Every structure is written in structure tokens, then in C-alpha cells.
Amino acid sequence: MADSSAPKPSSSVKLVLLGEAAVGKSSLVLRFVNNDFQENKEPTIGAAFLTQKCNLPTRTIKFEIWDTAGQERFASLAPMYYRNAQAALVVYDLTKPTSLIKAKHWVAELQRQASPGIVIALVGNKLDLTEDGTGSGGDAEDAGGEDSGDARKISTEEAKTYAEEEGLLFFETSAKTGFNVTEVFTAIANAIPETSLKTARGPGASHAAARTEEQRVNLNGPRDPNAKEGCAC
Amino acid sequence: MLNFSSFVQKAQQLLEPVQGLNLSESDKNPSKASLFQNQFRLPSSQHPLYEITAELTIPPTNATQGDRDRDRGYQYAGKLHLSEAFLSFSTTPSSFLQSATTSTSSIFTGQTHGGGPNGNGFTFPLCSIRRVERLHSQNFQFALSISTWNGISQDAAKEKDKKELREQRVTLQLAGSRQACERFCDGLKKGLRANVGNVAKLKKVTAECYSEYLLRPDDKKNAAPPDAGLGMLFKYPGDPKKLRDRAKMRLWAEYLRDNGRNTTLIRQPTFHKLIRVGLPNRLRGEIWELTSGSLYLRLENPTLYADTLAKFSGQESLAIDEIEKDLNRSLPEYPGFQSEEGIGRLRRVLTAYSWLNADVGYCQAMNIVVAALLIYMSEAQAFFLLSALCDRLVPGYYSTTMYGTLLDQKVFESLVERTMPILWEHLVKSDVQLSVVSLPWFLSLYINSMPLVFAFRVLDVFFVEGPKVLFQVGLAILRINGEELLDATDDGAFISVLKSYFSRLDESAHPKSENPKLRAVTKFQELMVVAFKEFSGITHSTITDLRLKNKDAVLSNIENFAKRTAIRNLGPDSKLLSNDELGALYDRFYGVLYERQQRDHIIKQEQARRAKSSRSRIAEAASEGSHSVEKGRVGLGPSTSLMDYDAFREFLAGMCKWAISDSPSTPQRDAFAEKEKSFYGSFRRSDTLLSPWGAGPEPAEHEFLQRLFQKWDTDSSSALTLQKVVSGLARIKGKRDIMGAINYFFELYDDDGDGKVDREGILRMSEALLFLSRRGLEGTLSPSNSTLTLSGDSTNGPHGDVPGQPVSERFLGSVSAFIRRCFEYADPDHPKNQDNAVQNIQQKLGSTQLDEPTTGEELANPDAFAIGDDDDDDDDEDEDDEDDLLAMDSPTGSPKAAAKKADNPPPALQLNSTEITPSKNDTEVRRRVSKAQSERANVALDPSNPLHITLPTFRMVVLADELLEHFFETSFPTSFHIIEGLQQATPTSASSLTTFSGLGIGARPAANAGAAAGASAGAGRGLRGVLDNIVTDGMRVAAEVRRRMEEAQKELEKNALAAGGPHQQHQQQGKQRGGANDEDEDDEDEDDGGFDRASTRSGKSGGAGGLSSAYHGDAERRSVRSSDRDLLTGADAEAGDEALLGSQAGTVGIEGGEGNSAGQPSASVGGGGAGKVVGVEFDG
Ligand SMILES: Nc1nc2c(ncn2[C@@H]2O[C@H](COP(=O)(O)OP(=O)(O)O)[C@@H](O)[C@H]2O)c(=O)[nH]1
Ligand SMILES: [Mg+2]
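If you're matching them up, the sequences are chains F and Y in order.
Using UniProt numbering, you'd call the opening residue of the first sequence number 1 and step up by one each time.
Using UniProt numbering, you'd call the opening residue of the second sequence number 1 and step up by one each time.
Careful: at least some of the hints might be erroneous.
With a Cα cut of at most 30 Å, we get these calculated DSS-like pairs of lysine-lysine [to be verified]:
1. Y:K563 - F:K104
2. Y:K429 - F:K96
3. F:K160 - Y:K563
4. F:K62 - Y:K563
5. Y:K735 - F:K62
6. Y:K325 - Y:K563
7. Y:K575 - F:K96
8. F:K53 - Y:K735
9. F:K53 - Y:K563
10. F:K104 - Y:K499
In silico negatives: residues of chain F with every beta carbon more than 10 Å from chain Y [claimed, not checked]:
11. G117
12. K153
13. T156
According to the in silico footprint, chain F covers these stretches of chain Y (three or more CB under 8 Å from chain F) [claimed, not checked]:
14. 279-285
15. 395-402
16. 484-497
17. 554-561
18. 735-743
Hints are computed from structural coordinates only; laboratory data are not their basis.
Given the structure is predicted, the values throughout are model-derived calculations rather than measurements.
The C-beta atom is built at its ideal place from N, Cα and C for all residues, glycine as well.
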């Protein structure tokens, strides 16, 4: 339990993004870190590294984000990146059924191979392509013709049920419109147990899906230029 | 005078050109050839043919060189090497003789100062050598004067121009015995002659080299210069002034003028120095091409790039899609890649390579590397350089598993640990994984990490000195930033320290120094010095050793990961199996594929080696040692993940007893070994390596296996993926439910999926049941049954062991009952037959219904009628049982009943059997007659009145028998030992066979392998005939069995004669086996033929007696084991005969393409009671 009288403690959390190629991992990170959406100009070799701070009422979390490369063959490098990670974002494209299968694989992989207390969030991206795309009409310029009609192939129910079974946080997002993106990271920040923060990676992180709604937090990150620190090595 | 050609021959024996093996195939014991190719960066077509110590003299340069020249010019002592198309000289004293140690073959002296890995010297393509003259010299020494086609591509049309072109000439003093020198010269002469034709290629290739333009006299420079990359269009990166590009160019022009250009370049110390200071923009591509050796690839096949593009033009692939995605993000900061021109070039090179090497295809990071190359070289040049990179310089980096990348990260980490222990400890403590930082350095050759100008400087050295450069630079980066890195405690801090360092590489390394000279040293210069001075101890062999040390761990990590991934992606069926089972299946699946590939490779190599050594007169042992061949290993990336039929058999043989051949020495193996022996003389390697099945048990061949394979091969691609195997097994083993198992089995035989299995199918089912049970039934019913033997005293004596008669043996009875019942309850195919059939069935039903309740009991009774029952001293009890049974089954069990049922007399069956005599023509005729008669005898058996059973019938028949029920409920599913596999001893002992097949066959490793092969019984083969005959002659046969058995036994004993047989029929039968099922009549004939053969083989006496003696072989063997040895004086002769037969049959089998089964010697037919069944019927 944190000492409330002390200045807000700051700790870093290693977060890894996993998922099939082209589901929008890099776009999600870019949205979170730069509040921007664009074609990925940075060639990603292995994994891109970015950081972003996240202010919670009681503490500041500095995310160290590893955005893994898209190509299938890079998957065998993934253990290198999720090793020691305290959080993972497993992303699928809710217009592409195979991507959920792949996501499930990553969840299983993380549950078996990663740090025991790892907080995993399952994220269905490209919500703007669906009819109920809550985020459509946001700041994105919809030039693509694909937006007409509902392209959703994976129902919220299906993914949510699975997430609950596995004790994962669950969100549907749009990196394009920015819908729900910061919420994902905030929920993760909240779900990271304090004990795990102190010891960098302790066991016993509960998948606190229930806690996600409890704490409304401010993220000053996306619009704070000082918080940006991208590195694509 | 000495005979030159004999020297050449001897020399060739000393050399063992082995196909160059790249790292992925062999690195424990790289072949001399691959080391040779590595040192001189030659294509894999080149082998070290001759080598000799020599002194190279480069004559005094001409006047332009001023006073630099010396009287004697420059001299270098070193080794001269000759390969098929190259003459190479190096001051590196490496040797590639067979007798040379690996370390002398792999000396890489590459230091910053001094020679690169190639040392000083040259690598002349033979086609670039214009003339070789032998100089007169004292002391009978050999001195050669070599002049080259230096500058050949300059169209020196005019004589005047030719004169301007100074001829390049070097002198080589050979040091060696006169013989050695002559041998070398002779080889050189031959090589030169063979390569004359390549001069045109040379001209074309060198014309694309910028040096040719550079060295052209000024008045001839009007022609367009060769393509030296996008830099010519979009400017080269960096400030040319700052880079001192002009000065560099002048230095190079001078060097090239004096020492030759591109293919005729001679490496002297200045060459390496010039590279270290950074290559000038326009020559960079050419020197990269030269030092990496990709120039020689291009020379070998100058049009490969254009041809590849043309060949695949318009085609699509996954790689192309992936390439397309990355085109816009490959060095986007360089203007050339913001244009269609640059993007187009990049697209074409990546695409062409993805076609050329489909195993690698396209890997992210290749886009960046190729983009960088394209700034300095043409598309074709970049294409070949990419090839050299992937194959030699950074092997495995871009493969589908990227094992090379992961491996080099491990190597790098261990180097850091070794050279910077404090930093390493800090990294471990703060839980920072170094490789997440360093991986991109290696994967993109620093191109994406440092500012381009510096990355290219690293590349300059990398291409000449090899992959060690990447490590040296990496270590230097960490060393230089050591202190700051010690303050960093997480990935982020670590990365930002390095990022800021890379961005300041052009700044002074010592900004505060008093010394202006020191102040002028940039951070990059410092980096180079630290890399190549401080880490000069990191050599090529350091890297090679560490790679070797870490390779297994890295590969197993990848494989474990791949395994987890694969198992999770096996689809819904996989849920029916446990995780352990899936894991074990995965291992077995890939294990078999891996071993088969390796075996295949070794065998091929071995064959090549022997073919070669058989050609040479003296059998010089090639001491290459066994290459650690590694192909097919999952971790290495693409290999096959498809299992063909033979692999499938081997796969099953690893976990199912019944899938192991009864004859340890397959026809294939016999034939193979024999061929080998005659062809290649003595056998050096252990035979297991060369056996087509390796060290494992030899798989059986049986129609059932083919069906299973086809069933699992759901998309009929003749290959199984792991997923198909899992789905297939899941249906057998997954749902422990008897109905499922029964249905599955039925489906296996329902070829057209119409819910019906025809007459032929019923027979095949029975065969399969016997095949599957011949090593005993597994499961809970009788735990000990698997060890039972039917051979030896226990079965020979009077029925003392009846109460304990093994289940397996009783199972034979169940199968025979199965056949009878199937026919009994079969439905006719055509409605028009309905009446007859109904009549038949009704007739039968009467008795069946009455007797049904007792059936189970009787079948469970070991002494009930059983095919496998070979006892001729049956007691009365037996007879009684049988009578009941037969009465139930068929009214024809007694002559009276038969007569009542049909008009024709029961002798139909006797007729038939008696007429199967060795005289073939005779037989055919009479057979036809007899068939007709028997058909009339029983409508159900008439091929013109086809019949079938349906699934419900099949179920009923199975469930009517306790043992069959047991079989489907537990035995069959548990016979797949997925996890634990088979213990070698159990299944390989042929003595545990329980079938009609050869009882008492020697155990597998029997000294007399031939005999074993000969005696062994393909469970199905002989049986097949038995079954067919049962049907052909009607179910009444069964009724006769008991009675005739005694006679048969007597006949056997009478006809204890050995004889050879017509093996062609084996073959015929083999072929027929694979044939369509609907050829019933042919089938019968063939099978009769098979019997014919069987009988003739064992007893040639002819007539009825001869036929019955078909089984005598078996009986005899049993007798041999018993105390009756003296009775059977012919036994030994027979055994010998069988040995002979075994091997012959083997050959036939191979020709017939039918594997074991065709080769199964007929003796097997004579197993137990089944043998007698037939014997009886032929006998009558
Ligand atoms: N419509 C839509 N497109 C998206 C969204 N997120 C990413 N994309 C697009 O999907 C493609 C792949 O995105 P990227 O971030 O590179 O995927 P990654 O391979 O998982 O990193 C790009 O063309 C993106 O523009 C989204 O939320 N909505
Ligand atoms: Mg990405």
C-alpha cells in the first residue's frame, strides 16, 4: 500500500504489444503516444520502443512499450520482448476472424511463458469499420471506401466471453478515431498491482477486470510533448 | 617422362570436392570446400582442386608510379589455389587439402591493419587470365608468368588503344616438388582451356563495373558511365567534401591502374587501407561486390536477375504482398526512395530474390539492407549481393525462423559477458535484455541504427572481413558508452543512451582535448579504432566457435516456441487429445520428417562419394568425417512439414506395434545394400545410417496403412500435415467410444462413401483386422497377450494350453467368424438379386436366430472354430462346437445340407481346390469352371451379383463378437502409443506374431536375415489368398475345415519338400494389390496365382499333395522348434531356400513398387489353421 503523504510515486511498466500483422498495433501505440494516426513510416526491425507516461491519482506510470514487428517470422523473436513484461496488449482486428485465433494463441503463450503476474488486455481494433463504430465521426478522415457497411466479423459477445474466461481486460478500440485507446492503457495501469510495481515484477497480479471502471484517471500523456519519447531501433 | 594424366588422377583422388555446405547444414565439420569458398568468397560451384605454396611477384609499376617501385617489385609468399574456374592466391597460409586440419583451412587473419580474410593476393576467374607462360628459371624451379584480360571491356578497337592499356602481368614462383608443380600446372592448363568460353561473360560483367569507366582515358569518357546506384541520380548520402570523396577516388584510380580492377584486382596492403578509410561513392558498389564475392556469382550467371524477373513476371506471392507493404518505409529519408524510380528498383530486387530463394522469401529488414545497397549499385549487383548476404555473410538472419539472428544475439551476449563483465552484470541485475537493443543492429547491419554515412563505413569493412565486424562494432559501442550504460536501469534508459550516441557520431570524441589532432577525431573514428584494435581478438573463428556452442540451445528455443504455436493452432479436433499427446505427436511428426531428410541427405552424399571413389583407381578414403547434416530441423526454418506415405509408415512404426514390418530386412533395403555393394565396393559407414529407415524399426506395408493414410489425407494431396495427423488420430483415439471406432473403421473401407462396403471391402477389412492383431491385442482385456507366442513348444504340443490360449489367437477365430457373418448378412447390390438373396438370408436367418445367443460364447471359446487354430489333434469338444457354429452359419456345412440348398454338388469347392495346380493353363481353365459352379452354389458369392454390407450390418457383426467388440473399444485405440512409443524389444520380435503368418519366425536381428525375410509373413499377403478362397469357394469351406485339417496335416508331413517358385507372380500380385477394388475376378485369379506360387514354392510335387504342402514350410518351422527336428530332414535346406527366396522376393517387391507386402514370402501363408483351411480346400 502506497504511502499517501509522499509525492506521487512513479514507476515504469514494461508493456508489450502482440497480435497478427496489420491489426493496428503500431497505430494504437502511435495514437496513445502521439495522439496521431498515420501510415507507419518507421520501419520496424524486431520491435519498436516507445514510452508514455500515465498519471493515476495515486501514482504515475511510465509505460515502456515494445511494439513487436508485424511479419509472421518475427514471432519467434517475441519471447525476447515479452520476457519481464508486466503488461501486454493482445490486439486483434475485429473485421478479421483469424486475428482472434492468433490473439488467443498469444494469450496462451503469455499465460504460460511470461511473468506470472502479467496483466493482459485483449483489444479488438478497427471499431470504426463497424456499424456501431462508436468512434466514427471523430478526428479521422475517412477516405477509404471500406467504411460502408458493417465489416465486423467478431462479435463483442464472443470476444468478451473469452476475455472473461481467461481473466483478461477487454476493449474494442479504433486507433483511427482514437476511441477507447487511452482507456486501454489506463485500465492496464490500474490493473498493475502496486506490489508488482515495487518489485518491478512480482507475482500475484490479479487480473482486475472489475477494477477498470472504478478509477477515472487523467492521462496527460497524449497531448504532452515532453512525454514523447519514441525510438525505433 | 612422367605421365601427366596419371598425376592428375592421383591428385583428384586426394581432393574431395564435396558440395559446399552452408552453415545451416553443417558447421561442426564444415567441408574443406565450404571453407575454401568462404575464404575466397567463391560460389558454391568451386572446390579446392590443387594448391601449392608459391611466391607472388608483382613487377615494378610503370613510370606513373615514380620512384615507388623497386627493382623487384612487390613480393608475397603464400598459397596458390586452383578451383574449377578460379586461380586464387592469398598470403593467408590456409590449406584445403584433405589432410589439413580444420583450423588451417579456416584461418582468418582479418585485422584492421594487415590483410582482410582474403589476405593479400588475388582471385582471378580463369577466364580473366589471358596467357600463362612458363619462365625459364634456374634450379628447375617452376615460375609462371600470368597476364590477364585487365580492362577487357574497354572496346579497344584500335591498336593504339590497346597499347595504351598496360598489360597486367604477375609472376608466380611455385615452391614444391617437381611433380607437385607439374600437377598444378597441368590442372591450370585444363582449367584455362575449360574457361575460354567464359570470356564473353566476363566482358559483359565487367562492363557494368564503374572502374572500367573510371580508368578510361579522358577522351573516351563520352559514353555513359555504368550504373553506380541511385546515388548517381539522387546524390549519395553525406557531404562529398566532408567525405573527401574526390581524394578517395583519385587514390582508388591509382590503385586500380597499378593493381588491376574488378576481376583482375590484386589485393595489396593499400587495398585494405583504402577500404578502411571509407570507399568513394561511385566505387563503393563495385568494391562491395568484389570483396563479398557476389561479383563471382554474377559472373557465373550474368543474366540470372533479369531471367528471374522475366520468369515470374506477373505472378503473385505472399512475399510480394509483404514487400509491397514495406516499400514506402525503406530508408524513406533518402530522396531516391521517395521516387518511383527508387521504389521500383527496390521492389524488383526484393521480388526477384524472393523467387530465387523461396525458402527465405522476404523478411523485414531486407528492405532496408537492399535499399542501402541500391544507393551504390545496380539492381543486378544488389540482387547478387543480397544473395551473398543471405547465404554466406549473415546466414539464417532472414530465414523464416530467423534462427541466425537469434543465434548471433546469443553469441553477442556471450561476447559482452566475456569482454565486459561489469556491464554484463549490470544488465542482468537491472533485467535489461541486451538483445532487444542489439538485434536491430545486426539484422539491418547498422543501416537503420547509425546515420547512413557511418553505417556504410561499417559495411565497407563488413564485406571484406565478414560477420565478425558486426560483433566488433557492437562491442565497441557498448565499451565506449559503458559508463553511461551502467547508470541505465531499464530498457528505456538503455536505449536512449545509445540513441543519443548514434546521433552524435560525427562529433569530436575528445572535444575538450588540448591536442587539436585528438580533438579532430570523431566519435565514429573512435568507434572504428576501438572495434578493430581493442576487439581485434574477435576473429572469424571466435564467432564460428560461439555460434556452434549456442546453436542447439537457440534452435531448441525456437522449436519449443514453434511447437507451442503449432499445437495451439491444430484446430478443434486437437481438443480430443490431451496436451501431452499433442506434444508427443508433434515431436514424432517432425522427428520423423527431420530424420528422413537427414538420412536422405547422408545417403545421397554417401552415394556421390562412392560414385566418385569408384571412379578413381585408388580408393582414397575421404576423411571428411560425418557431416553434421542439419536439414529439416524445425528451428532452421523451412523444411518440409508434409508427411508422405513412407514417412507416415515410419511415423506409425514408432508407436504402433502392428505398423512394424515382420521382415526386418525389407526388399528396399536388400536391394539398396546390394546395389551399394556391387557399385561402391566396401562399405564404410554403418549400415543403419544408410538404411532407408535409419536405426528405427522398419515399417510394415499393408493396404490398411494406405487406407489410413488416404483417410487422414483429407484433401487428397498425398501428404499429411501435422493437423491432418492430429485430426485423424483424434477420431480414433480421441473419443473412446466404440460406435465411433466401428464407424471409423467402416468408413475406411467405404471407398465411395455410399454407406456400403462390398465383398472386396469385407475381405480387406478382415485382412486389416488380422494385420492389426498379429502382434497381439492390446488393451485391458488381457494384459499379457502381447507377449504370447504361437511358436515353439507351446503351440506345437497337444492342446495342453487351451484354457490359457491367448486372446490374440482366439481373435483369429473372431475374424473368421466376422467374414462368414458379413457374407451372411450382406445385402445384394441389385434389386433383381433381391429374391435370391432374400431366400438365402431367410434360409440362414432361421438358423442364425436360433443360434445367435450361443455365438458369443462359442467365439469366446478358444477352441471354437478358428482360422488360427493349428492343432490337428482337436478334441471332440472342438468338433462339436464347430458343428454348431457351422450349422448356424451355413447349411452347407454338411454335404446333405449343401445338396439341399443348391442343385450342384458340394464338390464344387473340392473341384476348385484340386484344380489349383502348378500347371497354370490347366488351372485357369478349370478355375473358371469351378468358379461358375461355386457361384451357382451361392448367390451371395457370385461376382455378377455383387453384394455389400451396410454400417448397421457391420456394427451388428462386430458387436456379435466379444473380441471384436473389445478390439474396437480398446485394443485399436490403445495400439497407438502416442506418448510412450514402443519399446524397441517388444514389437521387433517377430516371434510374437500371431497370425496365419509365419509362426516361429526368427527374431528380428537374426543372423540369417534373409531367412527371416523369407519366412516372415506379411500378415496380409497369405491371408489374402485364404480369404479370397474362402469366398470363392463358398462359406461351406468353413464347414470342411475341421474335417480336412487333419488330412492337411498329414499331407504336410508327407510333402515335406522344398522347392523354388515362380516369383513373377509375387510381383503380379504386388501390382494387383494396389489396383482397383472392383476387379474382383482378377483379384481372385491373382490370388489364386498367389496360392499357386505358394504351393509350388514349398512343395513342387504338384497335384493336390503339392498344394497342401503350401503350408508345410510353416509347419516345418514349428516342427523345427519342437523335438521333431529329426523328422524334418529337409528343414535346413528349406531354410536356406527361404533365405534365397526372401532376397529375391525383395528385389521383385521393389520392382513391383509394392514394398514389403509383395515381397512377403509365401511361407507366411502357412501360419496356423488358416493355412490348413486352404490346404484342405486344395487338397480335396
Ligand atoms: N480503419 C482502421 N484502420 C486501422 C486502424 N488501426 C490501424 N489501421 C490500419 O491497419 C493497417 C495496419 O496497421 P498497423 O498499425 O501497421 O498494424 P500492425 O502491423 O499491427 O502494427 C494500417 O493500414 C492502418 O492504417 C483502425 O483503428 N481503423
Ligand atoms: Mg507494426
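Verification of the hints:
1. Y:K563 - F:K104: holds (16 Å)
2. Y:K429 - F:K96: Violated, at about 42 Å.
3. F:K160 - Y:K563: Holds: K160 (chain F) and K563 (chain Y) sit about 28 Å apart, inside 30 Å.
4. F:K62 - Y:K563: With a Cα-Cα distance of about 35 Å, the restraint between K62 (chain F) and K563 (chain Y) is violated, given a limit of 30 Å.
5. Y:K735 - F:K62: With a Cα-Cα distance of about 51 Å, the restraint between K735 (chain Y) and K62 (chain F) is violated, given a limit of 30 Å.
6. Y:K325 - Y:K563: Holds, at roughly 29 Å.
7. Y:K575 - F:K96: holds (23 Å)
8. F:K53 - Y:K735: Violated, at roughly 52 Å.
9. F:K53 - Y:K563: violated (37 Å)
10. F:K104 - Y:K499: violated (35 Å)
11. G117: Correct as stated: the minimum Cβ-Cβ distance to chain Y is 14 Å, above 10 Å.
12. K153: Its Cβ never comes within 10 Å of chain Y, the nearest being 18 Å, so this holds.
13. T156: Correct as stated: the minimum Cβ-Cβ distance to chain Y is 23 Å, above 10 Å.
14. 279-285: violated (count 0)
15. 395-402: Since three or more residues must qualify, the claim that chain F covers the stretch 395-402 of chain Y holds, with 4 doing so at under 8 Å.
16. 484-497: holds (count 5)
17. 554-561: Result for this restraint: holds, n = 3.
18. 735-743: Violated, because only 0 residues of the stretch 735-743 of chain Y bring their Cβ atoms closer than 8 Å to Cβ atoms of chain F.
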